[in-house]
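Asks: Chains Z and G, in that order, are what the protein sequence lines are.
Counted the way this note's numbering counts, the first sequence spans residues 3 to 482.
Counted the way this note's numbering counts, the second sequence spans residues 3 to 482.
Simulated from the structure, these hints should not be mistaken for lab results.
Some clues are possibly wrong.
It does not matter which identical chain is meant; a pair holds if it fits inside one copy or across any two.
To be verified - Below, simulated DMTMM-like cross-link-like pairs (lysine to aspartate or glutamate); rule was C-alpha separation at most 25 Å, straight line:
| # | residue 1 | residue 2 |
| --- | --- | --- |
| 1 | Lys372 | Asp130 |
| 2 | Lys337 | Glu65 |
| 3 | Lys60 | Glu49 |
| 4 | Lys443 | Asp386 |
| 5 | Lys60 | Asp14 |
Just so we're clear, the structure is a prediction, and the values are computed from it rather than from any experiment.
Chain residues, written in single-letter form:
Number of protein chains: 2
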Amino acid sequence: MSTNALPAQSGDFPAWYGEVVRRAGLAENSAVRGAMVIKPYGYAIWETIQRELDDRIKATGHENVYFPLLVPASVLAREGELVEGFAPELAVVTEAGGKQLEEPLAVRPTSEALIWSTYARWVQSYRDLPLLYNQWANCVRWELRPRLFLRTSEFLWQEGHTAHETEAEAVAEALTILHDVYADTIESVLAIPVLRGRKSESERFPGAVETYTLEALMRDGKALQTATSHYLGQGFARAFDVRFTGRDGNEQHPYATSWGATTRLVGGVVMAHGDDRGLRLPPRLAPQQVVIVPIAREDERADVLPAAGAVADELREAGIRVRVDDRPELRPGFKFNEWELKGVPVRVELGARDLAAAAATVARRDGGQKEQLPLAGLAAAICDLLDDVQAALFASAREERERRTLQDPQSYDELIEYLGEASGFAVAPWCGDADCEARVKADSSATIRCLPLDEQAAEAGACVCCGRPAVTSAVWAQAY
Amino acid sequence: MSTNALPAQSGDFPAWYGEVVRRAGLAENSAVRGAMVIKPYGYAIWETIQRELDDRIKATGHENVYFPLLVPASVLAREGELVEGFAPELAVVTEAGGKQLEEPLAVRPTSEALIWSTYARWVQSYRDLPLLYNQWANCVRWELRPRLFLRTSEFLWQEGHTAHETEAEAVAEALTILHDVYADTIESVLAIPVLRGRKSESERFPGAVETYTLEALMRDGKALQTATSHYLGQGFARAFDVRFTGRDGNEQHPYATSWGATTRLVGGVVMAHGDDRGLRLPPRLAPQQVVIVPIAREDERADVLPAAGAVADELREAGIRVRVDDRPELRPGFKFNEWELKGVPVRVELGARDLAAAAATVARRDGGQKEQLPLAGLAAAICDLLDDVQAALFASAREERERRTLQDPQSYDELIEYLGEASGFAVAPWCGDADCEARVKADSSATIRCLPLDEQAAEAGACVCCGRPAVTSAVWAQAY
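Looking at chain Z on its own, in the form it has when it is part of the complex:
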């Protein structure tokens, strides 16, 4: 653990991000360009995300499965948009078992192709539907400009793949996943507020009829796409010749969805909540929610250490994830810095003076406030405090997003100036024309992040780019 200060977040955000990820022990680069080693602290955060997502995926009626890593080139090629979209990012196995393969095998960039080629065997009648399956897996998409967690050549994710009897059911599925699985996890556990929307055509997943997305704002004013859920129509069913006999006795193609969330979310937590001292973890996500630092001279250790252990036991009893940092060789100040860097939500300092007062000194990571609390009832007080921290991080991120959202710029120039400086989200009417979208991108590097779902019925308005009548409002930003 280096004792040098971190780069200032406001000064060089990318350098700050990289240093926080490395020094907090989340991840590091590996011998393979673009593929990262996820270290214990980073993986523990991912495990919580996994468990929270998995609980919600199962609660909404899905089961887990596992499909193979390697996809024959001929299978991948059957859905044209998919193979075209992913071809530049594929890693390809050409030799196996000491021999050149007759047919190359792609390392899965996503599993629609292999899964729909299998669903052809699983679906005959409407009685076989819906298929509601999910898998936890790794993926490879070759990445030329990798960044830890945000863009890596290999990433971990879950990918859901469902098949339905009707279009309405499939669209409802894609939205259930967006709201009840992804938005609920990201807002209530990761404490990151998200905009719910649809993608414009140019930003859709290859092969999707509609891509639903959750967009979050990072502390540098750039957007992060945190999770997506796709309504795929009948394209994959047609490409892989999946048919079922419907209630009316006629053969037809089922309707598909797919949806994924990845290890990128760990990077989102760093960038949505972190500050100049490092990570700030929401308590529901934190591997350790409380760290207890005993403060004792050599002759006080025999009193203070057992007291710290007793407090830890009491907190554990109350369901709090707690750790005692009793490393004798390190000074308290060093430990404070380290746990602040790692974003532990609450620090409890326990010294001889605290004990004499039957109290402990309790510091919040989010705002830095420190107070002395009585040992009697400490566990209950800290449970409340953790709830407060969770709510405060969410509220603070939401305020930050509101502060950084430009509503209805008065002119195209104002829009471009705002977006070009990566100042945050800009919300403005859009005519729906891809040329206007492309013009904004060329002039500012910003893209349409989403067309909000919660929009009121189309308001009167003129496209911010061309002045023609708008068909929707759009949210623009520079993005990761």
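Could you slot chain G onto chain Z? The hints should help.
Replies: Below, chain G alone, put in the same frame as chain Z:
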């Protein structure tokens, strides 16, 4: 779900196995030779195994991490035995991102090489030790004679990789994993009794100084290696130049272990417990522990279905995983067959006559016994019954193993005859010479499965092969 009878287990064990795996919905073959699709029911069993192993891995002080899938050929080549052992089974990525790679990347067959090349950065002082890390991952080892779960070109597993200050500590680690993580899970959850032993030199993991193993007997008389834990000495530390400054101030190499358990365990459960009617799942492993089948004519459904729901709620309340099979279009007999095939430990039949008697008919999958039990106190009675089934499956597998274990054959011929027919385990003194081991293999196809750990101090005895003084007893069997 086919209604044809399964092949008889005693008639054609491999055919029986394949049909049970497919018809019970555990797994099926995929478009990629040797790689399987793990279906929802099979994956649910794997998820329980994962959770049970993971809890024990964490309880013994380990943390989870994730290392990349792709290993540069030059990294893999640095430990000679490892690369030699796995070279024939490698799948190799030679193209990525649309270009020929300068250096080919192996899809990991196991991760010692990549992990130890990383540990070189993580270890400087004895204070950095031990490293106690585990990962959940997929692996590829090209398989010419694949069988679902037992030998697949891709499999899922956990692999632990630890580094220690002393040899004694590393050996103790390998044994802790063997006993407290693997044997405890396999015996108390999977209900499969295991022999604990060391491998002979010819059967060791490439690069290992000592391979510890757990060997189980399947119902066809063949052995299954269920999990292994390796003491790796300093070989990997030397190959990857991992050094630390010891307590005495001198530089030295740490000592390594690695250990893994795979999706093969699902196949082990099928082969250790299954019978002519299909799977028999131990309750602690079963995705559904109880299935309730309402038995009702059309005019009785309004009474029977709510009663079945109420019983299900009561069982759920008691922590039992329960499912009501109320599919109206299927006959009870069909449902009984299906849930027997799927190995659900306890079936509850609930009909109008049962209800009139304030009772339910309860059938065990393991022995087939059926009894009527009063509805009052049913949940407690079924909890006890599930414990009984768990214990009975273990006891039955242990008795079967004892019945099929030949202790101290009187002659080499008796040994070879017994082993050649795959009759089970044979335990006999061995001189330790690889030539004797090779001779048995040539004459019978059987290998030394392990040198038991619980052996008494070397007994007087003569090698069953050559008559020279024995150094150990050995357990032989044909194996998967």
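Asks: Quick one: which hint numbers does this structure break? Sort them smallest to largest.
Replies: When the structure is compared with the hints, numbers 1, 4 and 5 turn out to be violated.
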